[in-house]
Amino acid sequence: MNPTYHSLGDHSESVEIDYDPTVVSYGDLLKIFWEGHDAGARFWSTQYKAAIFYHNDGQKRLAEETRKRIETTQKIKVRTEILPFSTFYVAEGYHQKYSLRGHGEILKEFRAIYPSDEGLMNSTAAARVNGYLSGLASFEDVREAVDNLGLTAQARDRLLAAIRKHGDRYRSAFCGPLG
Amino acid sequence: MDSKESIASAAEPKAVEGHFDASPQGRIETATFAMG
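Chains A and B supply the protein sequences, listed in that same order.
Under our numbering, the letters of the first sequence match residues 183 to 361, in that order.
Under our numbering, the letters of the second sequence match residues -1 to 34, in that order.
Hint data in this document are derived by calculation from the structure and do not stem from the laboratory.
All of these numbers come straight from a predicted model, not from anything done at the bench.
Using N, Cα and C, we set each Cβ at its ideal position, and we do this for glycine too.
Possibly wrong hints are sitting among the right ones.
Unchecked claim - Sample of chain A residues with no beta-carbon within 10 Å of chain B, all distances over it, derived:
#1 PRO185
#2 SER196
#3 VAL197
#4 TYR208
#5 LEU211
#6 HIS237
#7 HIS277
#8 HIS285
#9 GLU287
#10 ALA319
#11 ASP323
What the hints assert, rightly or not - Label pairs and their computed distance ranges (CB to CB):
#12 A:THR254 / B:ILE26: 28 to 36 Å
#13 A:ILE214 / B:ILE26: 13 to 21 Å
#14 A:ASP339 / B:ILE26: 17 to 25 Å
#15 B:ILE26 / A:LYS242: 14 to 22 Å
#16 A:GLY275 / B:ILE26: 29 to 37 Å
#17 A:ASN330 / B:ILE26: 30 to 38 Å
#18 B:ILE26 / A:ARG224: 31 to 39 Å
#19 A:LYS213 / B:ILE26: 16 to 24 Å
#20 A:GLN336 / B:ILE26: 15 to 23 Å
#21 B:ILE26 / A:THR269: 30 to 38 Å
#22 B:ILE26 / A:PRO266: 16 to 24 Å
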């Protein structure tokens, strides 16, 4: 039986990223991963532990190299685990695009195109907007991209207004470490 | 073209949407992370 949010067993909440290595490298993704969490923190539950699930020997080698580099340069004991990938279970529909779901008027426009949760989950435009609404881009970046997301003028304005609200959060949380 | 197709084609520019969807171009690899 697949794990669910209320019956997770020994599984951990994870993200699976399909990427084109000619556009972004695994090393780039590792850099964002290491900078995006506290590698020295103890995790108190399997559900919320930090881990790299490698898919091949190359990923394993890079993950271990970067872990060693962090331990050397930051002088910390890295508690993030490096484990072989086994199976990825997609979370229930209501957990997908969580931030976007909090903005009903914008969500409604994506729902007109993707009535199913699976369709919405696989939409790269919905993923971008969800990231923007989670505070993962600057106002300037969103303003530059907003005309290419398939949204009406009204939804574009709503999106920009929401981003403007938490622009400071983006700068303080992400701008520094990601450089 | 029905209304849904009309909305979809108007709302989802191909250059933005679908790069990794039905027919991905180029090589696709997978990475998996748990971030605590």
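Cross-check of the supplied hints:
1. PRO185: Consistent with the label, A:PRO185 stays out of reach of chain B, its closest Cβ about 13 Å off (over 10 Å).
2. SER196: violated, 4 Å
3. VAL197: The claim breaks: A:VAL197 does not keep its Cβ more than 10 Å from every Cβ of chain B (closest is about 6 Å).
4. TYR208: Label violated. Min Cβ-Cβ 6 Å, cutoff 10 Å.
5. LEU211: violated, 5 Å
6. HIS237: violated, 6 Å
7. HIS277: holds, 15 Å
8. HIS285: holds, 16 Å
9. GLU287: holds, 14 Å
10. ALA319: Correct as stated: the minimum Cβ-Cβ distance to chain B is 15 Å, above 10 Å.
11. ASP323: Holds, because the least Cβ-Cβ distance between A:ASP323 and chain B comes to about 14 Å, which exceeds 10 Å.
12. A:THR254 / B:ILE26: 28 to 36 Å: holds, 33 Å
13. A:ILE214 / B:ILE26: 13 to 21 Å: Taking Cβ atoms as reference, A:ILE214 and B:ILE26 lie about 18 Å apart, which means the hint holds.
14. A:ASP339 / B:ILE26: 17 to 25 Å: violated, 34 Å
15. B:ILE26 / A:LYS242: 14 to 22 Å: holds, 19 Å
16. A:GLY275 / B:ILE26: 29 to 37 Å: Violated: the Cβ-Cβ distance is about 24 Å, outside 29 to 37 Å.
17. A:ASN330 / B:ILE26: 30 to 38 Å: violated, 22 Å
18. B:ILE26 / A:ARG224: 31 to 39 Å: holds, 35 Å
19. A:LYS213 / B:ILE26: 16 to 24 Å: holds, 20 Å
20. A:GLN336 / B:ILE26: 15 to 23 Å: Given range 15 to 23 Å: violated, Cβ gap about 35 Å.
21. B:ILE26 / A:THR269: 30 to 38 Å: Distance hint for B:ILE26, A:THR269 is violated at roughly 19 Å.
22. B:ILE26 / A:PRO266: 16 to 24 Å: holds, 20 Å
The structure shown violates the earlier hints numbered 2, 3, 4, 5, 6, 14, 16, 17, 20, 21.
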